[in-house]
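Peer 1: What follows is each chain in one-letter form.
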Amino acid sequence: MDFQGITDRLTAVGAPGFLGVDEPRGKDPEVKGDKGRAGDPFVLVDPQSIDRFLVVCRDDPKLRFEILADLTATDPAADDENLWVNYNLLSVSHRHRLAIKGILPKSEPTLPSAVAVYRAAQWHEREAAEMFGVTYRGHPDPRNILLPDDWVGHPLRKDYEFPKEYHGISCE
Amino acid sequence: MGFLQEKVAELGSGTNLIRELLAGAPRPELVPDWAIPLTAVFIGVGILLAIVSLCAMFGTWLERKVSGHIQCRYGPMRAGWHGWLQPLADGVKLLLKEDLIPLGADRVLFVIAPALVLSSILGAMAVMPLAPDFFFADAPMGVFLILALTSTTTIGVIMAGWASNSKWSLYGAMREAAQVVAYEIPLGVSLLVPLMVAGTFNLSEASAGQAGGFGIFGWYIWPVGFGTEGFSLGNPFMIPALVLVFVAVLAETKRAPFDLPETESELVAGFLTEYSGIRWSFFFMEEYAAMFLYCVVASFFFLGGFNSPLTWVFEDGGLLPNVFLFNVMAFVTIVVKGFLGMFVMMWVRWTLPRLRIDQVMTMGYKYLTPLSLLCVLGAGLWEWGKWMIVG
Amino acid sequence: MDRELQGTITLPEEGRTLASGEQEFVLDVRTQDMELNMGPQHPATHGVMRILVRTDGELVTGAQPHLGYLHRCAEKIGENVEWLQYLPYTDRYDYLAAMNNNIGYSMAVEAVMGIEIPRRAEMLRVICAELNRIGSHLIAFGTYGLDLGAITPFLYAFREREWMMSLFEKICGARLTYSYIRIGGVFNDAPPGWLGEVSRFCDTFEVKWREYYDLLIENQIFVGRTADVGVIPRDMALDFGLTGPMLRGSGVDFDLRRDMPYSLYEEIHDAGAFKIPVGTGEKGTLGDCWDRVWVRVVEMMESVGIVRWCLENIEPGPVIGDIPKTLRVPAGEAYVGIENPRGELGHYVVSDGDKVATRCRVRGPSFCNLAVVEEILSGTLLGDSVAIIGSTDVVIGETDR
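Chains as they are written, first to last, in my numbering: chain A, 120 to 291; chain B, 115 to 505; chain C, 9 to 409.
Incorrect hints may have been included.
Each pair of labels, with its calculated beta carbon distance range [unchecked claim]:
hint, chain 1, residue 1, chain 2, residue 2, range
1, A, 278, C, 208, 49 to 59 Å
2, A, 288, C, 89, 20 to 30 Å
3, C, 89, B, 392, 26 to 36 Å
4, C, 383, A, 132, 24 to 34 Å
5, B, 498, C, 241, 52 to 62 Å
6, C, 43, B, 446, 28 to 38 Å
7, A, 267, B, 213, 28 to 38 Å
Short derived list, chain A residues pointing at chain C, Cβ under 8 Å [unchecked claim]:
hint, residue
8, 120
9, 139
10, 143
11, 205
12, 238
13, 239
14, 241
15, 264
16, 265
17, 274
No wet-lab data here; the hints were simulated from the structure. Note that the structure is a prediction, hence the values are computed from the model and not measured. For every residue, glycine included, the Cβ atom is placed at its ideal position computed from N, Cα and C.
Whole structure, please, built from the sequences with the hints as guidance.
Peer 2: This is the structure:
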């Protein structure tokens, strides 16, 4: 199924939290400073209902996204008020993909965990949590995964400040 | 001194020879008579030690060359011709290495363990005759003594594993204990087959029983032999017994595919993990010495012992009877046979993957032990039948 | 933790995992669990991974991987260097398949830029990717033998890999971290005679491959050590997001090269140059270690088929498009997943129209494949745990990035 078919199906089954689509477009000459958007299309989803949305994606016979290929977050800019949470689903039986994005305010970056839907999310969520400071509600093992347990800050945030030292070791 | 002199007098021809040489030599008045047998014993021990170390050293060199050529490389090439001095260079390096005892280790046991391991194999080596007329302790119950002494190396290994204060070492020691206990039985039982055929526990006597037939066809391994007394019926259970002994010896000497106590990919280095320098090399020497000893014992009871075409030429009543050359050739024969056996063990090691501990146990208890018992039963019935019919 | 006197313990039958049969023994002695630190320096962890293993004698009762010992902030670096400058960093996550990593990153950037690359460049990319896949699987095969105590196959595998690396040395000058594949094509054309040597490599490899297969894969001890060990059922494989040989070993017939084709793979597959090997549980249970290793080993031969097809069909032409030295990627984002030797290597790049990336996410297949180890290790023997970790074929550079 192509992207259009997937979104049509999502609308038809009434996937919870499905907000809309974002497709690549050219520069809009009317809007000053508009850069357009290149690349792949994705669907926008309300992050607070992402777990229920993923259940639909996994269990709907027309969609059948068996694999959670990727789960991460993105900090678009230091002055942006929001974080993005990105999901990438892969269907083995229908051979199609779906990129999902949720907009999450930096002021309160919590959303439900997807571990109950895909266990693949377990390590990805731990990584996103330590790197971006996102809290996944209901994660069974919310420890740091790549960083030491006592690491301060979230390194992939744009406003992250590099530490001057770590346990007495100078980092400069 | 009387008791000691009595005991020394019982020792084999090797010490007698040295004793005679010493007695014949001029000596100062100060040296008392009883010092001569004692010195002879010490010289004998020195000779044995030299042989063990040389076997171990040459064994390590052979292992590296064999593995190298199996793996499309050369192995050591720099120290001497094709690296034959490499073991010496390694020995010097190991001697000069820092002697580490890990913190929290049981220092006494940690130090004793390698010595115990090596001394038990040295003790077993004393039983091995070097030539028909040159031996040190040709015990009437030779095989029995060898089995008993070599199994004490296990105690040393367990001591090493326990004393190292490392979990990997402990695992290695426990595996060694389990494995050796499992394989002592098939080894001992399947060795009963040649003992029945030879009718002796003594290594020299077993070798003497296989003389004739151009030095080859008198061996106990042949189902139909051609020895000093012409054609004779052998025992068909000797071949399976040799296979069983070989497998059990692989396990006893911790060689792949039974190198569970070391398993460098699972247990880092097993009981050897914390050892370094000369202490580590003691374990290594024990391994190669034990391989050599087992191969020699197997060749004494299955593959003719001292008998080969070389000795056949010089033996009493042969083409060129010469006692001295006969003894030299016998020594060469047994060393070559020992190293050929070692070569097969190395060949196996560099070809096969390793078994898992439960598979090792299964093989020992479920297959090798019943098979060796069957082998003994069959061999016994065969010998009994032969005795009943032939007389 | 102390166990009660006369407590019960569940042991796997014949060393199999608990799934295949359970057996209960009554203990009459008091035993204690032992925690073992496997790694960060351990011969079986293939790098600096640490697995905390709880053992009851030889039985593993729990395992917890600890990652991060090789974390080199690849994603953060991606947000701080120019698009093209990041390419050498991609070599370093899965250092056994650097060509494939280059392709993954280049394709992700190309997807945002919306550019096509010359056909000869695609051909060279496919040749390099498949040669690198062979090299990577040779390591997987060799080190797996090493894990199971067979040392010799490792050196045989390295002999062939050496040739493969010298081929790469001839085409790009590097032996491990190539950076040969560039955004918009490849760095340079193959030197004269290179394609002929690749063809000779394929001829030799086909002969040697048979030897390796007989020496290790069909070996009775090897089968005994791997069959029925570390079984990952189909559902578990999908749930954990396994990809690549791990997924195919569990009987899922899915390969991105065939099912979501990129580059020239659709054409190559239509020409019948390769098939996708899928585990069948031939020696034991579907999804055991043997199936996974078998898939990798058979894949090497399929890669040879792909290389041969490319060698037959390659035509002269340009190898790189007109790409400026300082790239300015239009604003946008793309996720591109390609079939690496270890599974799906995903690159999620976000551009703000600037000289540097806003986000440069790497989805390493090893990272996802390793997660399943936590689940399947408990209930196995210590020797099996090594076999299981080895069969996942993780590269720590990629799990930690």
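Peer 1: Please name the hints from earlier in the document that this structure breaks, with their numbers sorted from lowest to highest.
Peer 2: 3, 6, 8, 9
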